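S.K.: Using the sequences plus the hints, can you model the full thing?
Top to bottom, those sequences are chains A and B. The first sequence begins at 1 in our numbering and counts up by one. The second sequence begins at 312 in our numbering and counts up by one.
It is possible that part of the hints are untrue.
The calculated DSSO-like cross-link candidates involving lysine-lysine, where the alpha carbons are at most 27 Å apart (straight line), are [stated by the list, open to error]:
1) A:54 <-> A:179
2) A:65 <-> A:179
3) A:129 <-> B:389
4) A:129 <-> B:387
5) B:405 <-> A:129
6) A:178 <-> A:65
7) A:179 <-> A:59
8) A:59 <-> A:47
9) A:147 <-> A:129
Here are some, though not all, of the chain A residues that point toward chain B, as calculated from beta-carbon distances under 7 Å [as the list claims (entries may be wrong)]:
10) 213
11) 216
12) 217
13) 220
14) 249
15) 253
Think of the hints as simulated: they come from the structure by calculation, not from any bench. Note that the structure is a prediction, hence the values are computed from the model and not measured. Even for Gly, the Cβ is constructed at its ideal location relative to N, Cα and C.
These are the residues of each chain, in order.
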Amino acid sequence: MADGNGSKGMSGNGAGDATQNGGKKSPVTVLVEGAKAVGVQAAEEIKALKQPEKTDVWKSVLRVKHDETPRSRALGVLSNVFLHLHPAKINRDAVAYNYTWGMGGMTFYVYITLVFTGTLLMFYYHPSKVVAFRDILYLEHDVPFGKLLRNMHRWGAHLMVIMVELHMFRVFLTGSYKKPREFNWVVGVILLVLTLLLSFTGYLLPDDQLGFWAVTVGTNMARATPLLGHDGPFGRQLGMTPFNDVRFGLLGGSIVDSNALLRAYIWHCVAIPIIASAFMVVHFWRVRKDGGISGPAPVQLESEIKEPRKL
Amino acid sequence: MAVSTEKPVGAKAPETKPKPNAADALKKIFTSDDPDPQRIVARRRRFVIAGVLGFLSVNFLMFLRFFFPRALYEPKTKFLIGYPSDFGFGVDTKFQNAHRIWVVRNTEGIFVISAICTHLGCTPDWKPSENKFKCPCHGSGYDPEGINFEGPAPRPMDRAHVELTPEGQIEVDLSRLYRWPKGERSEFNDPGAILHV
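M.R.: Here it is, written out as structure tokens:
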């Protein structure tokens, strides 16, 4: 089912040969050969840049032209994420929970829960310095099921971070980040960052002491960003001040105030969920494009190929 | 064009260049004597793509600029805190809530500490019983003059510019801070960092 683009990309690793024979040669020759190999590799990569549509990254992100055959057209339908949200067929080992832990799927279900409870919370929450914390108290004490919704959202957020990390841990343990799934690992890392950003922006919204100081500390770290922060390396030399650096852009001011609350609210409720959803679609689609969920056994056992089950 | 009289006689007259003309430039861009029509189409397509990408990248820059407003509605950084005689020896925390400062008088004079921990920007607490400032976030400790002695703080807390108004009141300017970064010159004795009263 997977047409395995990207698996045939450049994998030239000349440096490996040089180190294998290193025992017999003098270190100088090894160094020279290594440098030569690096040079050859760099030349290949520069050559590849002239045709960007042939590179792995391009083929992973953008559409690839296939041969005009009935087979590839059928594959186009079969591997279309919108037509087949669930795969047409899966490896039977892929349903074994002791292998996958089901963490990716459960993370997604928790995300759905968070979107739903979060949308309901938005009906009672004003992102304004005057009433934000009072709205939280109102939700907790006066809105029917408000306490339940708020706690579902809060604990669900904690759970999602834990699950994303366990999912990543499982993928790491089973080596599922390796070729041909390395692109999906990168998408997964982006999703981890987006999950943490969702957690962080949601932290400020209750406008309590905990969230206020957490965001004070978190955005003060951004002051030390290289080039873009006014306390970071080369920041001052590039003319960064507390009034034009990356922290100012995050807070909408030089202090954590009403602008910061509003910005956190919009990033939390609109921008990051949309970005994360788009990356999730790509993430799920790539799972199938890369040959389904990785498993301990090949898609079809050799014995099964030789001796099909007789009816 | 008139030939300059300073030039030697017989020197070649400078070539007159045709004036730049928008119509000619456009004509040059949009017409071609290339015999291959496909190459002409490809060139036009590149022009259109470049135009679209240029438009989108300018849009993106505008999007980034949008997040940096020109005017802010933040608390005033310049304010009066009263007369020097209002402040006794030691740390005065009465302006902590209103202005996020402490007024300190020692044997040298009166100075104003900006109540921002130099680690990650929380407000330390003044602990009178322990005679120190203690930051609740990560435990940085400062002595009554704001000099760090424990925890992750990298330098003493900054001091605000102070001066006496003609009426004799103390005016604090939080936008002018005096720092003492580790291993560098202390700015705490600069004029304006401390009132010798």
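S.K.: Checking each numbered hint in turn, tell me which of them this model violates, lowest number first.
M.R.: Failing hints: none at all.
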